[in-house]
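J.: Sequence:
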Amino acid sequence: MLTNAHIADTLELVADLLEFQGANAFRVRAYRNGARAIRDLSASVAQIVLENPAGLLEIDGVGTSVAEKCTVLARTGSLPQLESLREEIPDTVLDMLRIPGLGPKKASVLYRELGVTTLAALREACESQRVRTLKGFGARTEALILHGLRVAEAAAKRHFWCEADETVQALTRHLETCADIERMRFAGSYRRGKETVGDLDLLVLSSRSDRVMDCLGRFAGVAETLGRGDTKMSVRMDTGLQIDLRVVPRESFGAAWQYFTGSKDHNVELRRRAKQRGLKINEYGVFRVEGATEHYLAGQSEEEVYGALDLPVFPPEIREARFEFRWAENGPLPRLVEEADILGDLHMHTTATDGTASLEAMAQAARTRGLKYIAITDHSQRVAMVRGLTPDRLLQQWACIDRLNAELAGSLTVLKGVECDILERGGLDLPDDVLAQADWVVASIHFGHRQPRDRITARLLEALAHPYVSAIAHPTGRAINYRDSYDVDMEAVLRAASVHGKFMELNANPSRLDLDDVHCAAAKELGVLVVINTDAHSVRDLALMRHGVQQARRGGLTHADVANTREWDELKPRIGRRR
DNA sequence: GCCGTTTTCGGCCCGACTGTTTTCAGTCG
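For the first sequence, this note's numbering begins at 482 and goes up steadily by one.
Among the hints, erroneous ones may be present.
Just the calculated beta-carbon pair ranges, DEER-fashion [claimed, not checked]:
(1) GLU764 <-> ALA486: 34 to 40 Å
(2) ASN763 <-> SER892: 51 to 57 Å
(3) ARG664 <-> THR599: 40 to 46 Å
(4) ALA939 <-> SER525: 48 to 54 Å
(5) ARG689 <-> ALA973: 26 to 32 Å
(6) ARG593 <-> ARG510: 21 to 27 Å
(7) LYS638 <-> ALA865: 51 to 57 Å
Quick caveat, the hints were computed from the structure, so don't treat them as lab data. Everything numeric in this text was worked out from a predicted model, so none of it was measured. No residue lacks a Cβ here, since even glycine has one placed at the ideal position from N, Cα and C.
Construct the complete structure from the given sequences, taking the supplied hints into account.
T.: This is the structure we're talking about:
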């Protein structure tokens, strides 16, 4: 049965192609709204189609046309409208939209006038200076596209961790039907929880590798088999994600799992330490080297491999040769933060601005998730596109929060918060007398990304020094695989956070994960508390917390390093106080 | 294409910036 996510993706693609064609903007938006409604729906659209297709019209944002498309899609698995759109426009032209500054209109001109259909062709057109001859384009645009191409081309090679995870979950279910598999484990950057994953490494223990490989070949979504030997097989999914399967003997399973988990730097350090002890470590096991002969010592499990060097089994997230070996020398490893430690979520939006759920619905969902406190942090007025809150509207919302807290009677604490913009010229987007009434203020930059380093840094330093600011949200402004962070002196920012006793956000959205792992470690070093927030724009987004926690673990953060592992009563007095 | 209603069609989050222009279209958030 077709998933809601699949149906939503299909509608999004229709919207993209229509937009590229220059279709009515509101029609395009209607498809996007429909897609979003379906993505956020808890009931299964395919199930509704099966039982009562008219029920689709009950969904807010779905009208007769989108409902019709959903029905056809759910029943036949394809959509004629999409097929005909694809005949007119090659899918690859949509890659151009990933380049910042290039929207559907300009991309369409490049396609029609120059016949550009791929990023490679676009690069060639820029380099031969043909783009600047088009009406509405110039040398600056050409240079901007060339820069954007580097980002887009790199992005094409790596997939968001959460996308890889979807494949992992589906593949796990699929392979569980294969009786010849005794054990299977995923390794590589996926296991280390990196924000993006290049390809998936899968290890399998089995005496019948041929059957395992046959089974992998039958996995839904496999586009092509890239290679197949006795112990190794590689396939590419239709999403572009490559899966490398290795069938490994029992005595090497732990060694192989360790080896293929990496990272490379971690393994280099491990082998260096082994050599000092007269040992050798590779993907087959740990060996004692005596002259020209090698004796197998261990390799069935990771415990055996690390144990042979008197090292603990490091959590995969920290195997980067940054601090884990130093930690191991100083006694038992600290326990890294876990999702269950998180008691509150201090950044989320409601229908007052660009969220899809009401204040009450967000609170209810947070309580169901077991959170003890949340902060409602809708946008401030500068973010006009989402009807950012004026002082009046913000105060009205806070009055609603007071009433809601009375109803909740302590089962959940809802904090009066705001995501206040740091303006381009410096300063905050709301007056002090308003901010003074907030329980929690996250300050963030949404405009002026391209300002020079000293300007951006000064804006952030000023915000950190402001008495009513609690934390800086998504501190570097990056969008993974899409846009680099703005140019900022993050060390100066972290030092200022330390001086003023302010928190730094780790935004858990998979496309942000900002702070990144290295900055998290730097914050910890300076004694700056990191607050992990979902920045939820819907009830469903509250579940993104796990991605933030994973990134925090990669930065080596423990319970104590993360602000919102504490009760609000304990946390509140720490804001603005030096550690 | 969806929605609300003025039950039959008009309105649909909007302000600023950029690079191209000479008054604006496209893009972004």
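J.: Each hint should be assessed against the structure and marked as holding or not.
T.: Going through the hints against the structure:
1. GLU764 <-> ALA486: 34 to 40 Å: holds, 36 Å
2. ASN763 <-> SER892: 51 to 57 Å: holds, 55 Å
3. ARG664 <-> THR599: 40 to 46 Å: holds, 42 Å
4. ALA939 <-> SER525: 48 to 54 Å: holds, 51 Å
5. ARG689 <-> ALA973: 26 to 32 Å: violated, 59 Å
6. ARG593 <-> ARG510: 21 to 27 Å: Holds, at about 23 Å.
7. LYS638 <-> ALA865: 51 to 57 Å: Hint violated: Cβ distance 36 Å, outside 51 to 57 Å.
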